[in-house]
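Asker: Sequences are here, hints too, so could you generate the full structure?
There are 2 protein chains.
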Amino acid sequence: MFTSGDKKELFLGIDGGGSKCKAIVMNENDEILGTGISGPGNPLLGFEQATNSITEAAKLALKDAGLENVALNTLNTGVGLAGVNLPALFEKMQAWPHPFKQMFLAHDLLIACLGAHHSSNGAVVITGTGSCGFSCIDEQELLIGGHGFPQGDKGSGAWFGLQATKQVLLSLDGLIAPSLMNDVLLAKLYCTDTMGLVAAIADKKATFYAQLANLVFDAAEQGDVIALAIIDEGAEYINSLARTLLIKNPPRISMLGGLTPRLKPWLEQAIQTQLAEPLSSPEVGAVFFARHKLSQQNKQQKMA
Amino acid sequence: MFTSGDKKELFLGIDGGGSKCKAIVMNENDEILGTGISGPGNPLLGFEQATNSITEAAKLALKDAGLENVALNTLNTGVGLAGVNLPALFEKMQAWPHPFKQMFLAHDLLIACLGAHHSSNGAVVITGTGSCGFSCIDEQELLIGGHGFPQGDKGSGAWFGLQATKQVLLSLDGLIAPSLMNDVLLAKLYCTDTMGLVAAIADKKATFYAQLANLVFDAAEQGDVIALAIIDEGAEYINSLARTLLIKNPPRISMLGGLTPRLKPWLEQAIQTQLAEPLSSPEVGAVFFARHKLSQQNKQQKMA
Numbered sequence: 249m250f251t252s253g254d255k256k257e258l259f260l261g262i263d264g265g266g267s268k269c270k271a272i273v274m275n276e277n278d279e280i281l282g283t284g285i286s287g288p289g290n291p292l293l294g295f296e297q298a299t300n301s302i303t304e305a306a307k308l309a310l311k312d313a314g315l316e317n318v319a320l321n322t323l324n325t326g327v328g329l330a331g332v333n334l335p336a337l338f339e340k341m342q343a344w345p346h347p348f349k350q351m352f353l354a355h356d357l358l359i360a361c362l363g364a365h366h367s368s369n370g371a372v373v374i375t376g377t378g379s380c381g382f383s384c385i386d387e388q389e390l391l392i393g394g395h396g397f398p399q400g401d402k403g404s405g406a407w408f409g410l411q412a413t414k415q416v417l418l419s420l421d422g423l424i425a426p427s428l429m430n431d432v433l434l435a436k437l438y439c440t441d442t443m444g445l446v447a448a449i450a451d452k453k454a455t456f457y458a459q460l461a462n463l464v465f466d467a468a469e470q471g472d473v474i475a476l477a478i479i480d481e482g483a484e485y486i487n488s489l490a491r492t493l494l495i496k497n498p499p500r501i502s503m504l505g506g507l508t509p510r511l512k513p514w515l516e517q518a519i520q521t522q523l524a525e526p527l528s529s530p531e532v533g534a535v536f537f538a539r540h541k542l543s544q545q546n547k548q549q550k551m552a
Numbered sequence: 249m250f251t252s253g254d255k256k257e258l259f260l261g262i263d264g265g266g267s268k269c270k271a272i273v274m275n276e277n278d279e280i281l282g283t284g285i286s287g288p289g290n291p292l293l294g295f296e297q298a299t300n301s302i303t304e305a306a307k308l309a310l311k312d313a314g315l316e317n318v319a320l321n322t323l324n325t326g327v328g329l330a331g332v333n334l335p336a337l338f339e340k341m342q343a344w345p346h347p348f349k350q351m352f353l354a355h356d357l358l359i360a361c362l363g364a365h366h367s368s369n370g371a372v373v374i375t376g377t378g379s380c381g382f383s384c385i386d387e388q389e390l391l392i393g394g395h396g397f398p399q400g401d402k403g404s405g406a407w408f409g410l411q412a413t414k415q416v417l418l419s420l421d422g423l424i425a426p427s428l429m430n431d432v433l434l435a436k437l438y439c440t441d442t443m444g445l446v447a448a449i450a451d452k453k454a455t456f457y458a459q460l461a462n463l464v465f466d467a468a469e470q471g472d473v474i475a476l477a478i479i480d481e482g483a484e485y486i487n488s489l490a491r492t493l494l495i496k497n498p499p500r501i502s503m504l505g506g507l508t509p510r511l512k513p514w515l516e517q518a519i520q521t522q523l524a525e526p527l528s529s530p531e532v533g534a535v536f537f538a539r540h541k542l543s544q545q546n547k548q549q550k551m552a
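Respectively, the protein sequence lines represent chains L and V.
Counted the way my numbering counts, the first sequence spans residues 249 to 552.
Counted the way my numbering counts, the second sequence spans residues 249 to 552.
There could be a bad hint or two in this list.
Repeated chains share a single entry, so a pair holds when one copy, or any two copies, can fit it.
[Claimed, not checked] Keeping only pairs whose Cα atoms sit at most 30 Å apart, straight-line, the calculated DSSO-like set for lysine-lysine is:
no., residue 1, residue 2
1, LYS452, LYS340
2, LYS311, LYS340
3, LYS340, LYS414
4, LYS541, LYS268
These aren't lab readings, by the way, just hints derived from the structure by calculation.
Answerer: Right under this line is the structure:
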C-alpha cells in the first residue's frame with residue numbers, strides 16, 4: 249500500500265494520439281506502477297473524445313496499479329497531445345476543466361523526445377500512422393513534416409498503404425504491370441475486382457491505409473519492383489527528415505512509431521547507424537515534462 | 249404555349265455529379281428550352297441530397313423554359329449519375345419513387361459520351377474534379393480510372409491541387425527548393441506560414457483541392473520547375489488513359505471536364521490532334537439515352 253507520502257510523488261504521464269491515448273502512473277523512482285489505454289486522444293480530430301480518452305486512460309492506469317482509491321485531483325499530470333502546437337488548440341486544451349491536480353500540457357513530439365532521450369536535448373523521426381521529424385536543442389524546437397494525410401505524412405504507414413492502393417488500381421486498370429500486392433490487397437479487403445476495391449476504400453482515412461502498409465514491405469522483400477519503388481520514395485523522404493535534423497547536431501536521435509521495425513532497415517546506412525534506441529516511451533516523457541514544469545513552478549514560487 | 253402534343257415530345261435530361269446537378273428540357277427538334285442547376289447529385293456521396301437535387305434541377309429547367317405548369321410526371325427523363333455503375337447503387341436509385349413519367353437511368357460517363365458524340369459509339373477522357381477514361385463501342389463499355397480521391401483520379405483538378413499543396417509543404421519545410429506556387433497558395437488560403445497552411449487544408453476534400461489546380465498551370469506557364477514536373481506526371485497519366493481508349497479504335501474521342509482548357513495543351517501532340525470537340529453536353533446525352541430506351545420499350549411492347 250502507498251502511504252500518503254508516497255502518493256505525493258506519484259505522477260501521471262499521458263500520450264494522446266490519433267488512434268489511442270496511453271497513460272502511465274509512475275513513482276519517484278521512475279517505476280511504472282500501471283498503464284492504461286483508451287480511445288483516440290487527438291483534440292484536433294475531436295475535442296470531447298480526446299478529453300474523455302485522457303480521463304479514461306488515467307483511471308485505467310490507476311486501476312492497473314491497484315490505486316483505484318487515489319483521486320485524479322491529487323496527481324500532477326503531464327499530457328502530450330498531437331495538435332497542441334497550434335496555439336488555438338493549446339489554449340482550448342488549457343481551458344479544459346481537467347480532473348487532475350495540475351495538468352502540464354506539451355505537444356506529443358516534445359514528450360516523445362523527452363522519453364526517448366531522458367533529456368530535453370535530442371531529435372526523433374516518427375513513422376507511425378503519420379510521419380514527422382522533431383528536434384529540441386537548448387529549448388529551440390524544429391518540426392519538419394507532420395502535416396496530415398494525404399497532403400503530408402510521406403513515408404508514414406498511411407502513405408505506404410495509400411501508395412500500395414494507388415499502384416494496385418493502376419495495375420488493375422492495365423496502365424502498369426501487375427504487382428505481388430494486387431492479390432494480397434484484394435484478399436485483405438475481401439473483394440475480387442476493381443469495382444469492389446473502389447467501394448472498399450471509398451472515403452477511408454489515414455488509420456485505414458496505415459493497416460495496409462505491411463503489404464508493401466512484404467512484397468518488396470519478395471523482390472516486387474513496384475513495392476520496391478514505393479519504399480525507395482518513402483525511405484528517401486524519411487532520410488531527408490533525418491538529414492535535416494542531424495544538421496543541428498542533436499546529442500541523440502531515435503526513430504519511433506509503429507512502422508519503425510519495417511522501415512528502418514530500408515533507410516540509408518549512414519543514417520541507420522546514427523539512430524539510437526529510444527530509452528523510454530512518450531508517456532514517461534510526459535512525466536519528465538510534468539516534473540520539470542513543477543520544479544520550475546516551485547522555484548518561481550520561492551522567489552516570489 | 250406548348251400544346252398537349254408538343255409536351256409529349258419534351259424530355260428532361262439530367263447530369264448529376266459530385267458538386268452539382270444539371271438539367272435541361274429539350275424538344276423533339278433538339279432545341280434546349282431551359283436549363284436548371286442545383287446542388288450535389290452524386291448518390292454515392294448522399295442519396296437523399298442527390299434525389300432532392302435531381303428534382304430541384306428538373307423544376308428549375310422547366311421554370312427557365314417558362315413551363316412551370318408542365319408536371320414532372322408527364323415527362324420522360326434521362327438521368328446520368330456518378331456512381332451508378334456500382335450495381336447496388338443502381339438498384340437503390342431505380343427503387344427511388346421519382347417524380348417523372350419514366351426515369352431512364354445511366355451512369356454519368358455513358359451520357360457524357362452520348363452527348364459528346366451524338367452516338368453510342370465513342371470515347372471520352374474526363375478531367376474535372378476527378379478524372380477517368382471511358383469508351384462505349386458496340387455496347388461494350390470500358391472504364392479506366394475514376395476511382396476517387398485521393399486514391400485515384402490522377403491528373404484531375406483535385407490531384408493537381410493536392411500535388412501543389414504537397415510540394416509547397418515540402419518547400420516550406422526546406423526539403424525542396426521554393427516554388428512560385430508557395431506565395432500564391434498561402435495568399436489564396438489567407439495564411440502566412442506552414443502552421444496556418446496546415447490548419448487551412450486539414451481534412452479537405454476533392455472539391456477544395458480542385459480549386460487550387462490553376463496555381464500549378466499558372467506557375468508552369470512562368471517556367472516553375474516544380475509545377476512543370478507536376479504537369480508532366482499528371483499529363484502523362486491522362487495520355488495513358490487516352491492511349492488505352494484509342495487501342496479500341498473509337499470513331500470519335502473527346503476530352504471533357506472543367507480542367508480541359510488548362511490541361512489539353514500539355515498532352516502529347518499526337519493525342520491532342522485526335523481529340524474532337526464534344527458536340528453537346530452530358531445533359532443532352534441524357535435525353536438521347538432516354539429517347540433510345542423509350543423507343544426500345546415501345547418496340548418490345550409492340551412485339552408483345
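Asker: Does each hint fit the structure? Answer for all of them.
Answerer: Here is what the structure says about each hint:
Both within a single protomer and between protomers do LYS452 and LYS340 lie at most 30 Å apart by alpha-carbon distance, with minima of 28 Å and 22 Å respectively. In this assembly of identical chains, LYS311 and LYS340 lie within 30 Å of each other by CA distance solely inside one copy; the values are 28 Å within and 50 Å between copies. In this homomeric assembly, LYS340 and LYS414 come within 30 Å of each other (Cα to Cα) only across copies, at 28 Å, whereas the closest approach inside a single copy is 38 Å. In the homo-oligomer, the alpha carbons of LYS541 and LYS268 lie at most 30 Å apart inside one protomer (25 Å), although the nearest pairing across protomers, at 54 Å, exceeds that limit.
Checked against the numbered hints given earlier, this structure breaks none of them.
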